[in-house]
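Number of protein chains: 2
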Amino acid sequence: MPPPKTHRFLIIADGQFGPLTSKTANCCIRYMPERIVGVLDRSHAGKTAQAVLGFGGAIPVVGEFERGLALGASAVLIGIAPTGGQLPAEWRGWLRTAIERGFEIWSGLHTFIGDDPELGALARERGVRILDARKPPPNLPVADGRAAEVGAYVVQTVGSDCNVGKMTAQVELRDALRQRGHRTRFVATGQTGIFIEGWGIAVDAVVADFVAGAAETLVLEAAKDADIVLVEGQGSLIHPGYSGVTLGLLHGSCPDALILCHQATRTYIGDYHGREPWVKIPPLPELVEIYERAAAPVRPAKVIGICLNTFDLTDAQAEAAISRAAADTGLPTTDPVRFGAAPLVDAIVREAMAAR
Amino acid sequence: MPPPKTHRFLIIADGQFGPLTSKTANCCIRYMPERIVGVLDRSHAGKTAQAVLGFGGAIPVVGEFERGLALGASAVLIGIAPTGGQLPAEWRGWLRTAIERGFEIWSGLHTFIGDDPELGALARERGVRILDARKPPPNLPVADGRAAEVGAYVVQTVGSDCNVGKMTAQVELRDALRQRGHRTRFVATGQTGIFIEGWGIAVDAVVADFVAGAAETLVLEAAKDADIVLVEGQGSLIHPGYSGVTLGLLHGSCPDALILCHQATRTYIGDYHGREPWVKIPPLPELVEIYERAAAPVRPAKVIGICLNTFDLTDAQAEAAISRAAADTGLPTTDPVRFGAAPLVDAIVREAMAAR
Numbered sequence: 001m002p003p004p005k006t007h008r009f010l011i012i013a014d015g016q017f018g019p020l021t022s023k024t025a026n027c028c029i030r031y032m033p034e035r036i037v038g039v040l041d042r043s044h045a046g047k048t049a050q051a052v053l054g055f056g057g058a059i060p061v062v063g064e065f066e067r068g069l070a071l072g073a074s075a076v077l078i079g080i081a082p083t084g085g086q087l088p089a090e091w092r093g094w095l096r097t098a099i100e101r102g103f104e105i106w107s108g109l110h111t112f113i114g115d116d117p118e119l120g121a122l123a124r125e126r127g128v129r130i131l132d133a134r135k136p137p138p139n140l141p142v143a144d145g146r147a148a149e150v151g152a153y154v155v156q157t158v159g160s161d162c163n164v165g166k167m168t169a170q171v172e173l174r175d176a177l178r179q180r181g182h183r184t185r186f187v188a189t190g191q192t193g194i195f196i197e198g199w200g201i202a203v204d205a206v207v208a209d210f211v212a213g214a215a216e217t218l219v220l221e222a223a224k225d226a227d228i229v230l231v232e233g234q235g236s237l238i239h240p241g242y243s244g245v246t247l248g249l250l251h252g253s254c255p256d257a258l259i260l261c262h263q264a265t266r267t268y269i270g271d272y273h274g275r276e277p278w279v280k281i282p283p284l285p286e287l288v289e290i291y292e293r294a295a296a297p298v299r300p301a302k303v304i305g306i307c308l309n310t311f312d313l314t315d316a317q318a319e320a321a322i323s324r325a326a327a328d329t330g331l332p333t334t335d336p337v338r339f340g341a342a343p344l345v346d347a348i349v350r351e352a353m354a355a356r
Numbered sequence: 001m002p003p004p005k006t007h008r009f010l011i012i013a014d015g016q017f018g019p020l021t022s023k024t025a026n027c028c029i030r031y032m033p034e035r036i037v038g039v040l041d042r043s044h045a046g047k048t049a050q051a052v053l054g055f056g057g058a059i060p061v062v063g064e065f066e067r068g069l070a071l072g073a074s075a076v077l078i079g080i081a082p083t084g085g086q087l088p089a090e091w092r093g094w095l096r097t098a099i100e101r102g103f104e105i106w107s108g109l110h111t112f113i114g115d116d117p118e119l120g121a122l123a124r125e126r127g128v129r130i131l132d133a134r135k136p137p138p139n140l141p142v143a144d145g146r147a148a149e150v151g152a153y154v155v156q157t158v159g160s161d162c163n164v165g166k167m168t169a170q171v172e173l174r175d176a177l178r179q180r181g182h183r184t185r186f187v188a189t190g191q192t193g194i195f196i197e198g199w200g201i202a203v204d205a206v207v208a209d210f211v212a213g214a215a216e217t218l219v220l221e222a223a224k225d226a227d228i229v230l231v232e233g234q235g236s237l238i239h240p241g242y243s244g245v246t247l248g249l250l251h252g253s254c255p256d257a258l259i260l261c262h263q264a265t266r267t268y269i270g271d272y273h274g275r276e277p278w279v280k281i282p283p284l285p286e287l288v289e290i291y292e293r294a295a296a297p298v299r300p301a302k303v304i305g306i307c308l309n310t311f312d313l314t315d316a317q318a319e320a321a322i323s324r325a326a327a328d329t330g331l332p333t334t335d336p337v338r339f340g341a342a343p344l345v346d347a348i349v350r351e352a353m354a355a356r
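So the protein sequences, as listed, match chains V and U. Position 252 (the first sequence) corresponds to 252 in this note's numbering; numbering is contiguous. Position 174 (the second sequence) corresponds to 174 in this note's numbering; numbering is contiguous.
No lab work stands behind these hints, which were simulated from the structure alone.
Put simply, identical chains are the same to the list, so a pair is met inside one copy or across any two.
Each computed EDC-like pair below joins lysine to aspartate or glutamate, with the alpha-carbon atoms no more than 20 angstroms apart:
| # | residue 1 | residue 2 |
| --- | --- | --- |
| 1 | Lys302 | Glu149 |
| 2 | Lys280 | Asp144 |
| 3 | Lys47 | Glu66 |
| 4 | Lys280 | Glu149 |
| 5 | Lys224 | Glu149 |
Model the full structure from these sequences, guided by the hints.
And the structure:
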């Protein structure tokens, strides 16, 4: 069962709050600004989120932890990874203070706060919940195909690469579908999505044999009270490091339909820039075929729309890129952040009706 | 560095030693009989492995643990999973005795013996090594493509399903290639292979983000002193539960060539027999295409041979199945256990020469 989503968060982003340096914090501010009371970053104290990021409105940046808590927080969200991976002594002090005063801790770090000898023990002693978003639940099953049998229409985002907008697309689609009155659930499969939704499994942190089973578990749960289930995809089938996560997620969640996400200006897989460009991103029609062929033996699913991330283009360039993608693939195409999700919402509703 | 492979093992298979009930034990007996001094199974005490399995010659089955150790063992190998998953009290006693007397413990269990509060502590105290074959090494990297750059010719087995002979094929090929004088290394990616080779990583037990990185690590190590590297494949790209492991392994090890393994009489993926037959295994030429297409975006690799498991056919049926597979695919085909590995060895050597 998803926990209630009533928390109001102070985000820790100390020393790293910025457009390119605090992805988790920024996504939380973009998608649940009403639940963010402030951001802790001593290097930007006194500014607003708007001034630092270009969005986020009047959310204040504070330089003192206790002042941040006093803004009306009920929980603390760790919105960046500390440099070096280890928990700095100051963070440890902040988290201790928060737990002692009964604030939940939500963390996406690779090292689990709940397993920290000091902080974990303190939280248990005080009965304070720590949500380590990357920690997989125990006893995940091997997938057995039950996700294919749910009544809900299941749509998964897939991508040309990591970090092209697979989560963002689903959050935009969730909001747009709900506005049209459709019972819709978003299935988070990465830590940022889990923060936004308050529920999910970071599938890339699951032992490989159970990735598909984790996806299946999530879809079964989400389908209980939704007619449309939107699964956040991960990685890419052509990403040398993470392709296994992508395929496990695809086969485990047994989607009815796929939405292909791509960043319009990207030509090579982005994680290998330190070397010569390595894996070239094929044309969109070829990517459509790669995903449909990969899904087919387990459960056929068609790509029904294209989601184009155009953040680094002018409006005219973005419109041209979208027209070109639509013409190349023959599929509804949009940048939902820039131009709204309507073409994809129409496609999902149409296909879901046809599948009944 | 692989450890020296000089151990002689007493295998624990208590209550489960048999042709279909002790796969790990049986593979060890098939592929390293000279290193097995005996098998502990109280229900078959006094028999030979040959009498119980149909192979294994005079390897004795004993009913007393200490008598088994006295047969000349230097290590204890756990060759079955205890029913229920928990370590039975009697096993615990045997393992305690073994550690106290300085015998290494090799285990493929999901629960790690080295992490057991009693046995792990005892082993550390006595300086006795416990090899938990399924325990991934710490600090595995995300794959970055270096496996594509090794000088060795890398061949990976891939399969229509789990348990069709991907490991067996590579062990047979290793022996046949070495007999012809080729410097060959077998890369074990599952616990049975690790027992046989004394080295490897059980990639299905690795956190999903690092499966490809684990494969890369293994290939880089094996290529240091080999001209031909044979990577044991896992699962299948069309297996709903394990496909992610298969793709991660394929993209991480960057093979030059693939050998497709199939059990001739199997028509559906085997792990879903409790339900209606679900995933139909496509014809071999289609499987060849599925694997070549999956490899292509990261590193193109051709299927260069077919390995057909014909254990449940008569000789005449097996010959017919092999002829048919060879005709359908146009590729060298054999059952290496039944008819020898020569056609595949020829293909590997030819392709490796051509790739120079």
